[in-house]
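Given the sequences, and given the hints that come with them, work out the whole structure.
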Amino acid sequence: MLNRITGPLKAAWKEATDSQVWSSVFRHGKPVGDRNRALVMMSNVFLHLHPIKSRKAGIKLRYTWCMGGITFFLFLVLTFTGLLLMFYYRPTVEYAYADIVDLQEHVPLGIMRELHRWGAHAMVITVWLHMLRVFMTGSYKPPREFNWGIGVVLLVLTLLLSFTGYLLPWDQLAIWAITVGSNMARATPLLGTEGPLSASLTLGDINLINAGNDARFALLGAQSVGGSTLLRFYVLHCVGLPLIAAFLMAVHFWRVRKDGGISGPM
Amino acid sequence: MLDIFKDLVNWVSGPTVLFTVTTVGLLLAFRFTAVWSRTSAKVFFVVLAVFYVASMWDPNFFLIVAKPDNIPITGVIFLVFFFTWYAMHQGIENDRRREAGEAPHEKKEGYKVWVWPDLVYTEMLAMVLLSIVLLVWSILLAAPLEQPANPADSPNPSKAPWYFLGLQEMLVYFDPWLAGVVFPTLIIVGLMAIPYIDTNPKGNGYFTFRERKVEIVIFLYGFLILWSLLVISGTFLRGPNWNFFGPYEYWDVHRVEPLLNVNVSDFFWVKLLSQPLPSGGFFAALLREWLGLILVGAYVFVLPVVMSWPREKLPKGFRWLSLRKYYEKMGPARYYIGISLFLMMMSLPIKMYLRWAFNLKYIVAFPEIFFNI
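Going down the list, the sequences are from chains V and E.
The first sequence maps to residues 39 to 304 in the numbering used here.
The second sequence maps to residues 16 to 388 in the numbering used here.
Think of the hints as simulated: they come from the structure by calculation, not from any bench.
The beta-carbon is built from N, C-alpha and C at its ideal position, and this holds for glycine as well.
Any given hint could turn out to be false.
Unchecked claim - Beyond 12 Å from chain V on every Cβ pair, some chain E residues (computed):
hint, residue
1, Phe34
2, Ala64
3, Lys127
4, Tyr263
5, Ser337
Stated by the list, open to error - Derived lysine-lysine pairs resembling DSBU-like cross-links, with alpha carbons at most 35 Å apart:
hint, chain 1, residue 1, chain 2, residue 2
6, V, Lys94, E, Lys217
7, V, Lys91, E, Lys127
8, E, Lys331, V, Lys94
9, V, Lys98, E, Lys122
10, V, Lys296, V, Lys98
11, E, Lys122, V, Lys52
Next comes the structure, spelled out in structure tokens:
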């Protein structure tokens with residue numbers, strides 16, 4: 039299309055692309071022709087996640103459904119919108135709910151929370167569908183066994199990210215969903231007060247496991263969902279889990295390349 | 016006429032009927048693979064969409080489905096159906112190709128292309144489209160915000176986030192130490208173990224059904240019925256007190272459903288021997304639960320061994336249980352890990368049907384130490 043532009047626009051474009059600034063950013067010409075198409079993939083840190091060439095069948099939408107890519111894109115959207123939400127949100131019992139109301143009522147362009155929440159729901163779904171696709175194409179088979187395992191951990195991390203985020207609005211929906219979800223930790227074998235065999239962990243006649251130190255307490259930071267839970271979930275949601283997820287994503291993408299790229303018939 | 020239809024839908028949506036109908040339907044679809052055609056997909060989606068849209072005029076249906084946080088579940092229904100169909104459709108197409116002596120579709124396009132522009136453009140288009148979808152969704156639909164948190168006022172029903180509703184549904188049939196801790200762990204471990212258990216070299220890197228029948232049937236049964244269906248029914252059909260409500264029923268908080276659940280020990284001691292349950296001390300508890308312990312022990316420890324025997328060694332009528340073929344193909348380690356995980360997965364539907372048929376609560380019950388199965 040650019041080729042059809044003539045006159046002063048073309049001259050300006052040529053001026054811009056010939057400048058020192060342009061050539062310092064883009065180390066090669068337009069990505070037409072084999073040489074530049076290879077260079078563009080190698081000289082760009084983001085694009086170099088990809089190989090230079092790939093099998094046609096492997097990159098077709100009918101094969102990958104683009105689900106892994108969509109999931110990664112949603113992760114980026116959530117990181118960006120989450121960062122903006124952090125400007126306004128304070129994870130304390132006093133302020134949390136009011137800050138969420140402010141976000142929707144008073145902050146200009148107040149759809150960041152919507153983007154974040156709907157994006158999060160969508161990400162859970164796309165991770166499932168990505169797993170379905172990888173299973174149905176047998177892409178976990180050798181040599182990709184390890185990367186499937188990384189993927190399962192990333193699925194769990196996605197669910198945990200969504201779960202910890204669910205508490206933050208601090209409304210009825212939030213605390214009761216987390217209460218229901220975390221009650222089960224009480225029943226952890228050995229480590230929960232109401233779990234099998236936990237009563238057998240004793241020192242003399244002192245029970246080692248009680249409601250003040252069991253698995254659920256570790257999760258909530260208290261005996262019920264409260265201020266310390268909110269802080270704990272906030273830190274996990276904004277820092278801990280995203281860091282682990284980002285780290286594992288790097289491994290996941292790296293291994294896709296190292297295990298021979300997108301899977302295909304031998 | 017409309018009322019009869021609504022009553023029928025409510026009846027079909029009941030856990031017993033819904034679970035049975037979907038399971039049988041799925042198995043039939045695996046048997047008669049012609050149903051994964053383009054035409055039947057179109058018919059199916061039109062029927063589903065018409066059902067969905069027309070049902071919006073029912074106030075009870077609308078109340079639940081239109082809740083902002085339930086919108087993604089509507090997405091789950093359509094997307095999971097579509098992509099399951101899409102994968103199976105391509106698999107069966109490839110199987111047909113194979114039968115005609117051709118290579119799978121993916122092989123035909125095995126030649127390499129430049130990632131710029133072939134892949135990069137697709138990715139950019141996906142990003143743009145997804146951004147538009149998210150923006151429109153966010154502008155049209157406000158994120159839900161209920162009353163401020165109040166630890167003294169628990170809503171009825173109290174539900175976990177939607178993606179954990181399969182686990183919450185399991186709580187109906189299993190105690191929390193199983194439904195909330197052991198089974199989730201086994202799901203994660205089991206998923207990660209798949210590539211090491213499955214030694215079938217075929218179907219690596221292309222859609223197929225025939226070359227990987229067993230793997231696909233087991234996985235899709237777990238994915239569609241035991242996970243997705245339970246999430247969907249947990250969202251739309253479980254109301255106050257976790258009672259079941261049909262899609263056109265009003266969520267009546269005061270509806271009382273009698274719980275007459277009994278344990279295996281009750282069946283043996285009270286119903287069969289007309290005796291009180293043994294009580295007092297550790298050994299009395301063991302005596303009380305002996306039958307349940309044997310049943311669980313047989314299921315977990317003996318059944319995998321028995322199933323590894325050759326057919327002839329099994330008594331007549333039980334020969335279908337023999338998995339000798341897999342034992343030989345996979346070797347003992349893979350076989351025992353695989354069969355154990357499979358039996359754990361099947362314990363959910365087994366316990367469901369035991370509950371529905373006999374009101375069975377626990378097979379083994381040691382409430383003293385919170386050890387109930």
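Tested hints:
1. The claim that phenylalanine 34 of chain E lies off the interface holds: its Cβ sits roughly 20 Å from the closest Cβ of chain V, which is beyond the 12 Å cut-off.
2. Distance check on alanine 64 of chain E: its Cβ is at least 18 Å (rounded) from any Cβ of chain V, clearing the 12 Å threshold; non-interface status holds.
3. Lysine 127 of chain E, annotated as away from the interface, has a beta carbon of chain V within 12 Å; the closest lies near 4 Å.
4. In this structure tyrosine 263 of chain E is separated from chain V by more than 12 Å, as the shortest Cβ-Cβ distance comes to about 24 Å.
5. Look at serine 337 of chain E: its CB is around 26 Å from the nearest CB on chain V, clear of 12 Å, so calling it non-interface holds up.
6. With a C-alpha separation of about 21 Å, the suggested pairing of lysine 94 of chain V with lysine 217 of chain E holds against the 35 Å cut-off.
7. Distance check on the hinted pair: lysine 91 of chain V and lysine 127 of chain E sit about 6 Å apart at the alpha-carbon level, within 35 Å; holds.
8. With a CA separation close to 53 Å, the supplied pair lysine 331 of chain E and lysine 94 of chain V exceeds the 35 Å bound.
9. Note on lysine 98 of chain V and lysine 122 of chain E: the hinted pairing holds, with a Cα-Cα distance of about 12 Å set against a maximum of 35 Å.
10. Restraint check: the Cα-Cα separation between lysine 296 of chain V and lysine 98 of chain V comes to about 20 Å, which is no more than 35 Å; the hinted pair holds.
11. For the suggested pair lysine 122 of chain E and lysine 52 of chain V, the alpha carbons sit about 43 Å apart, so the restraint of at most 35 Å is broken.
Consistency with the previously given hints fails for numbers 3, 8, 11, ordered from lowest to highest.
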